[in-house]
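Novice: Going line by line, the protein sequences match chains Z and D. Counting from 1 along the first sequence, just add 1146 to a position and that's the residue number in our numbering. Counting from 1 along the second sequence, just add 75 to a position and that's the residue number in our numbering.
Worth double-checking, as some hints may not be accurate.
[To be verified] Mimicking EDC-like on lysine to aspartate or glutamate, the simulated pairs with C-alpha atoms at most 20 Å apart in a straight line are: (1) D:K146 - D:D124; (2) D:K117 - Z:E1205; (3) D:K143 - D:D159; (4) D:K146 - D:E114; (5) D:K143 - Z:E1240; (6) D:K174 - D:D106; (7) D:K143 - D:D106; (8) D:K146 - Z:E1168; (9) D:K131 - D:D106; (10) D:K131 - D:E90; (11) D:K184 - D:D106; (12) Z:K1225 - Z:E1168; (13) D:K174 - D:E90; (14) D:K117 - Z:D1217; (15) Z:K1226 - Z:E1172; (16) D:K117 - Z:E1240; (17) D:K174 - D:D124; (18) D:K184 - D:E114; (19) D:K131 - Z:D1243; (20) Z:K1225 - Z:E1240; (21) D:K146 - D:D159; (22) D:K143 - D:E114; (23) D:K143 - Z:D1217; (24) D:K174 - Z:E1240.
Source of the hints: derived by calculation from the structure; they are not laboratory data.
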Amino acid sequence: SQTIHQWPATLVQPVGSPLSLECTVEGTSNPNLYWYRQAAGRGLQLLFYSVGIGQISSEVPQNLSASRPQDRQFILSSKKLLLSDSGFYLCAWETGDGYTFGSGTRLTVV
Amino acid sequence: GESVGLHLPTLSVQEGDNSIINCAYSNSASDYFIWYKQESGKGPQFIIDIRSNMDKRQGQRVTVLLNKTVKHLSLQIAATQPGDSAVYFCAESVLGTYKYIFGTGTRLKVLA
């Protein structure tokens, strides 16, 4: 079966610390993968998307970066977190007729 | 740039009544639209979709209407239930572009 895994579920990090969020998919090959951020009470903002290994497109200039070291793995990173990086981060996999979203990571930068 | 917006940020509906959530989109080239439901602390879940060659599509208790003339999309939920309480997002896309633009969302509150 096709599934998407995202972890951790919650994370509290101090300002200036690094970040690594991981997303993996199972049951498919060469998926299109996405990272979205959702601020409290707001919509979904596309951060990065990837159509293949090593291929990353950035939608919004910011303090974050993404990498795709393997076909079914998508990583969101930061070298130094800012307070404004707090939010709900969602990984998604494009299935041809919409997205399947992961369960999300609630990041709080303190 | 292109954007997708919603008319009502919060909608309160009595249990058993019908709900209508509206969405406006600005990219006339968009040809595929999806409604998502997001419960608190969870990722959005697909509800129903519609392609631009249709103006209406029905699912179980939900109907999506598309008016391309005024670039308007709506989600109708029949006999709204407490479990329908969530934030609803519309999303637009041009098929083959791999990207979806989401609106800010409408919170639906079902009153007992």
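Novice: Run every hint past the structure and note whether it holds.
Specialist: Comparing the hints with the structure gives:
A hinted pair counts as satisfied when its Cα atoms are at most 20 Å apart, and D:K146 with D:D124 qualifies at roughly 15 Å. Taking the CA atoms of D:K117 and Z:E1205, the gap is near 23 Å; set against the 20 Å cutoff, the hint is violated. At roughly 27 Å between alpha-carbon atoms, D:K143 and D:D159 are farther apart than 20 Å, so this suggested pair is violated. Distance check on the hinted pair: D:K146 and D:E114 sit about 27 Å apart at the alpha-carbon level, beyond 20 Å; violated.
Among the hinted pairs, D:K143 with Z:E1240 is inconsistent with the structure: their alpha-carbon atoms are about 24 Å apart, more than 20 Å. Between D:K174 and D:D106, the direct Cα distance comes to roughly 12 Å. Compliance with the 20 Å bound is thereby established for this hinted pair. For the hint linking D:K143 to D:D106, the alpha-carbon distance of about 9 Å falls within 20 Å, and the restraint holds. Only pairs whose Cα atoms come within 20 Å are accepted, and D:K146 paired with Z:E1168 is rejected, the gap being roughly 37 Å.
Under the criterion of a C-alpha separation no larger than 20 Å, the hint pairing D:K131 with D:D106 is consistent with the structure, at around 14 Å. Pair hint D:K131 plus D:E90 does not hold up; C-alpha atoms about 24 Å apart against a cutoff of 20 Å. Between D:K184 and D:D106 the CA atoms are separated by roughly 30 Å; this puts the pair beyond 20 Å, and the hint is violated. Straight-line distance between C-alpha atoms of Z:K1225 and Z:E1168 comes to about 15 Å, which keeps the hinted pair within the 20 Å bound.
Among the hinted pairs, D:K174 with D:E90 is inconsistent with the structure: their alpha-carbon atoms are about 35 Å apart, more than 20 Å. A threshold of 20 Å between alpha carbons decides the hint, and for D:K117 with Z:D1217 the separation of about 25 Å lies outside it, so the pair is violated. At most 20 Å may separate the alpha-carbon atoms for a hinted pair to count; Z:K1226 and Z:E1172 exceed this at roughly 30 Å. Pair hint D:K117 plus Z:E1240 holds up; C-alpha atoms about 18 Å apart against a cutoff of 20 Å.
Only pairs whose Cα atoms come within 20 Å are accepted, and D:K174 paired with D:D124 is accepted, the gap being roughly 15 Å. With a C-alpha separation of about 11 Å, the suggested pair D:K184 and D:E114 falls inside the 20 Å cut-off, and the hint holds. Restraint check for D:K131 and Z:D1243: satisfied, since their Cα atoms lie roughly 17 Å apart, inside the 20 Å limit. For the hint linking Z:K1225 to Z:E1240, the alpha-carbon distance of about 28 Å lies beyond 20 Å, and the restraint is violated.
This hinted pair does not check out: D:K146 and D:D159 have alpha carbons roughly 26 Å apart, beyond 20 Å. Restraint check for D:K143 and D:E114: not satisfied, since their Cα atoms lie roughly 29 Å apart, outside the 20 Å limit. For the hint pairing D:K143 with Z:D1217, the CA-to-CA distance comes to about 37 Å; that exceeds 20 Å, so the pair is violated. For the hint linking D:K174 to Z:E1240, the alpha-carbon distance of about 9 Å falls within 20 Å, and the restraint holds.
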